[in-house]
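Assemble the dimeric complex from its two separately framed chains, guided by the hints.
Quick note, the sequences are listed as chains A and B, same order.
Numbering follows this note's numbering, in which position 127 of the first sequence is assigned residue number 127; successive positions increment by one, without gaps.
Numbering follows this note's numbering, in which position 242 of the second sequence is assigned residue number 1242; successive positions increment by one, without gaps.
Careful: at least some of the hints might be erroneous.
To be verified - List of simulated lysine to any residue pairs, SDA-like, C-alpha gap at most 20 Å: (1) LYS1089/B / PRO1386/B; (2) LYS65/A / ILE1279/B; (3) LYS1100/B / SER170/A; (4) LYS137/A / GLN1107/B; (5) LYS137/A / THR1096/B; (6) LYS65/A / GLY1305/B; (7) LYS65/A / ASP1273/B; (8) LYS1089/B / LYS1146/B; (9) LYS1275/B / GLU1306/B; (10) LYS1311/B / GLY144/A; (11) LYS137/A / GLY1104/B; (12) LYS1275/B / PRO1260/B; (13) LYS1311/B / ARG70/A.
What the hints assert, rightly or not - Computed list of chain B residues with no C-beta within reach of chain A, every gap over 10 Å: (14) LYS1069; (15) ALA1090; (16) ASN1102; (17) SER1258; (18) PRO1294; (19) VAL1328; (20) ILE1373.
Keep in mind that the hints were calculated from the coordinates and are not lab data.
Predicted model only: the values in this text are computed from it and were never measured.
Glycine is no exception: its CB is placed at the ideal position from the N, C-alpha and C atoms.
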Amino acid sequence: MKIVRDMLGNPDAQGEKLLRRFAGATSRRGILSRLGAALVAAPVFPLLPVSRAEAAKPDRSPEAKTAFARSAQTKDDTKCDYWRYCAIDGALCTCCGGGIHTCPAGAEPSPVSWVGSCINPDDGKAYMIAYRDCCGKPACGQCGCDNIDRETQLYLPQLNNNVIWCFGTSSMEYHCSTAMMIGAA
Amino acid sequence: MKLAGMLAQLLTGITLVVAPVVTVNAETVVPEAEEASVNTMPQPQPGWFYVRGGWGTAGTSIFDSQSGKMVGMVATSRDSDLAIDPAGKAYYVAETIWSKGNRGTRQDMITVYDPVTLKLQTEIVTPGRLIIGGFKTNFILTDDGKTAYDYNFDPASSVNIIDLSKRKFVRAIELPGCASLIPNSGVGFSALCADGTLATVAIKGATQDITRSEPFFDAAADPIFSNVVYDRQKKLAVMLSYTGQVRVATMGRTPGVSAPFSLQEAGGMRAADDKPLDIAWYPGGMQPMALHRPTGTLWVLMHKGEYWTHKAGAEEIWGVDLKTRNVVKRIPVEHEPGNIEITQDDAAMIMVNGMNNDAMIIDSRTGEVKHTIKNAGGGLITVVEPR
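Chain B with its partners taken away, still in its complex shape (with noise of 0.2 Å):
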């Protein structure tokens, strides 16, 4: 059997090579045997979408968002989580796998890519992640790209810090009751909590100061989502509710987060609640949001339903401006997604994805569909933040 099928192989590696020269046509005759070559990749680009596939499954495909083509793949295990360098210089991948596939001795680690070659760097080995995928809040970078912290859950809550220049695992902290976490510039990082305070984690060499915000949401009667949205120039946090309440915090020794304001009002309607039998827009999917940085516009998700419908796919895309706090975009969707991006480049495209595994790539400031791409990925989507 296994002889069969080495001679198979053989035969069509033959044909292969063959096939050319078999194949007489005028136009195409190549005269000599080609020769098997490995290409490389710029660093990573703004207007370039990265996808993860589906869950359960590996690799996160890289497109164009002005061609709509894939330009290759980073390898992210299974319910890994992906960061890019701020300076481009390296893709992490925060990954656990097993000696033996499914079982055996497990290992958790911070996989290092090279991003012009996607060839492998090292492996930072860790104590541990929380295996889930689907959040870009569980495997951060500091601004500088010198840092990363990873959430812990097993099932007690920390983090890990791993130091990115030396390329080592430094420590863990401790951190019960919060999740999700915020780059905190000079600071450390914060995290929500489940008492709705921000924590602050003030890291001071071998300790840290943690301390409480006041509170400011109700995690369980209208949390936040934990897919928080940073923006590293501005040192800003935006942050989502179920019910549609946008808040945003500036991060420091003590973040001061803003009062909310209803997207729904910010539409000219009035307020979504937390009530059953209230039919209004609402926000929902796993990445129901994007921040495009360059303009301070937040794109949403939005679905008409009623609440307690956090997860569902999309049936319009709302593009909010922070700062006068209106409405300014409703762009029909198809296909109800449930994870968005936008590009960080002036041409500001968006990238929705969903349960078919399609991607469409839209032009935010017209919302034409550009591309539909089959088989993009049906993942979490990431793009290269400005530093």
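Isolated chain A, as found in the complex (with noise of 0.2 Å):
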């Protein structure tokens, strides 16, 4: 929870304005429009929470950590367990012929993401995690997993897993999805 808030803000302050920054971009209509303002705020998302995280000093005390967090690993890359999928949901790429940061052949790599903020139990730090779906091809069906750490509803749709993010690729079909690790948190 405090990692969250450190990472938004206020979703009043932060959340809020980050999607408005959406909208707004988007008065001229069409898709491409929108999409060049997802494309333009992708970044955003993930690098303005940063120095707002390291200013707080966020509690990271066993005591403080989730269930997920205490019991991750950083040894095997296609195990729901694996640090750095706290909050993923969907089938690994690294159980479909892709890798941690890496779409399987034919997929496409969504432009934008959904985002986590993980512990890696090597170092007790906290990191920015972007989930980004790999499109254009049927469910992959292996190593499904779910986790939920931090994972809010569709009004906060950044930290929602549930929402397929193949927006702007040529299908929307969902394959599976990565965990790109984007810098400290």
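What follows is the structure in structure tokens.
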């Protein structure tokens, strides 16, 4: 909970501003302008909260860790308890012929993503993870995971893991999900 | 190959026709060859459950709560949203398909089905929608059934207005930072927002006024489940948060949101919080609550665990009297269901389902499991709501 607050600050001040920014840039209508806004805004989500997180010095003691964070591992990225997957929902691309930040052959990475803030048990630090869907092929079906640390609902979509983020790709069919490191949280 | 296939089909067909004649049985002799026919159905019934297949599947199966038998199926394509006309005159499906299956030209529409024949009546073309399924609050109807509001996210947030009487798309309204739509009779609709407010969109012809309530919840720390439940007769919306805080909103031009109460306190325990390592009863699932509108009883899927387990399946179903704010019944439940709904008749039959794709029909008055239905579907459950 605390980490999310650090990430987004007050949703009023941060998430809302970002979402307004999304919409503000889309008055010209049309999918291209909307996607353009998304493409521009996408890196803003993960980058903006970094300074806030550092300033707030979040509590990373064992008592503040979620059940997922307390049992997460760093060795096997084909398992649901791999540390970066703290808020992933879907098939792991690492089990589908892809990698931790690589789509399987024939799939197309979504330019936008939802995010999680996951603790690496090796150094005890939190990192921003962008969950980027790989799109345009049928559901992979391997290694289905649904981890929900600080996962929210549709009105805070960048922290919701139910949304299929295949926006801006040639097909919206969902194949699998990757977990890209963005930076320290 | 094709020829062989056709031949096989033909032979199968011949077998089917011939079979009754060949298998001579004194009691089942069919004197004449039968003709293929098609059933019709009654209009939507208060004792029916409409059950989505699991993620990625198409089709909403209809089960009768008394018999536990399937009575029909509405064609609801993958990740579509179903709404039932309040007067029972149509099924509406907000859906998205592509001209070449998984690619080609994207087509978004509201597909209208006759409720008696279940045949396609028409398709209302729309500019887009959020492809997700699993939420009732992405596609809602006004109380009079004349207008639909369809949530879109692409990934900017907007709402499409559809005139169901004229069967045409009217216009879209930009709604940044908000989702989870709630009907707001005579006004337009309301929606939950990331800043912890309730936005109300008052529609006036070609324009609208969007107003916000004061913030009343923390969207990041203790979110309200998107599947808000609405009571058409009382014009109330019931909201449930991850920690188990229940709020009732009175809809209107300026909706009033009640002070929250804790489900756990209603059950005689201390309220649950949002800290790790604190074990408590929490609500969970994709469709974690159902409202029996005639009695004002809220039925909630509950599990024991730590915070951030809001998708976990249930160990118990709690019945909460919204007026007295007391837990009036706790029903243990197996197979960790994640969806719950209740019929709006006096029988008050509960259905739950979950990841195993099976459904159970439970008598809410006794807690008795009346039917277990294999492969009923693991998705969202819908019932006919009182007008």
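Hint-by-hint comparison with the structure:
The hinted pair formed by LYS1089/B and PRO1386/B meets the criterion: a straight-line CA distance of about 14 Å does not exceed 20 Å. A threshold of 20 Å between alpha carbons decides the hint, and for LYS65/A with ILE1279/B the separation of about 14 Å falls inside it, so the pair holds. For the proposed pair LYS1100/B and SER170/A, the alpha carbon gap of about 12 Å is at most 20 Å, so the pair holds. For the hint linking LYS137/A to GLN1107/B, the alpha-carbon distance of about 18 Å falls within 20 Å, and the restraint holds.
Annotation: proposed proximity of LYS137/A to THR1096/B holds, straight-line Cα distance about 16 Å (limit 20 Å). Only pairs whose Cα atoms come within 20 Å are accepted, and LYS65/A paired with GLY1305/B is accepted, the gap being roughly 14 Å. Under the criterion of a C-alpha separation no larger than 20 Å, the hint pairing LYS65/A with ASP1273/B is consistent with the structure, at around 14 Å. A distance of roughly 11 Å separates the Cα atoms of LYS1089/B and LYS1146/B; the hinted pair therefore holds under the 20 Å criterion.
A hinted pair counts as satisfied when its Cα atoms are at most 20 Å apart, and LYS1275/B with GLU1306/B qualifies at roughly 8 Å. A distance of roughly 15 Å separates the Cα atoms of LYS1311/B and GLY144/A; the hinted pair therefore holds under the 20 Å criterion. The suggested pairing of LYS137/A with GLY1104/B holds, with an alpha-carbon distance near 13 Å, which does not exceed 20 Å. With a C-alpha separation of about 19 Å, the suggested pairing of LYS1275/B with PRO1260/B holds against the 20 Å cut-off.
Taken as a hint, the LYS1311/B and ARG70/A pair is honoured in the structure, with Cα atoms around 19 Å apart against an allowance of 20 Å. No beta-carbon of chain A comes within 10 Å of the beta-carbon of LYS1069/B; the shortest separation is about 31 Å. In this structure ALA1090/B is separated from chain A by more than 10 Å, as the shortest Cβ-Cβ distance comes to about 26 Å. Taking the minimum C-beta to C-beta distance to chain A, about 4 Å, the non-interface status of ASN1102/B is violated against the 10 Å cut.
Residue-level check passed: SER1258/B sits 20 Å from the nearest beta carbon of chain A, beyond 10 Å. With a minimum CB-CB distance of about 28 Å to chain A, PRO1294/B clears the 10 Å threshold, and the non-interface call stands. Listed as a non-interface residue, VAL1328/B keeps its Cβ farther than 10 Å from every Cβ of chain A; the least gap is roughly 28 Å. In this structure ILE1373/B is separated from chain A by more than 10 Å, as the shortest Cβ-Cβ distance comes to about 24 Å.
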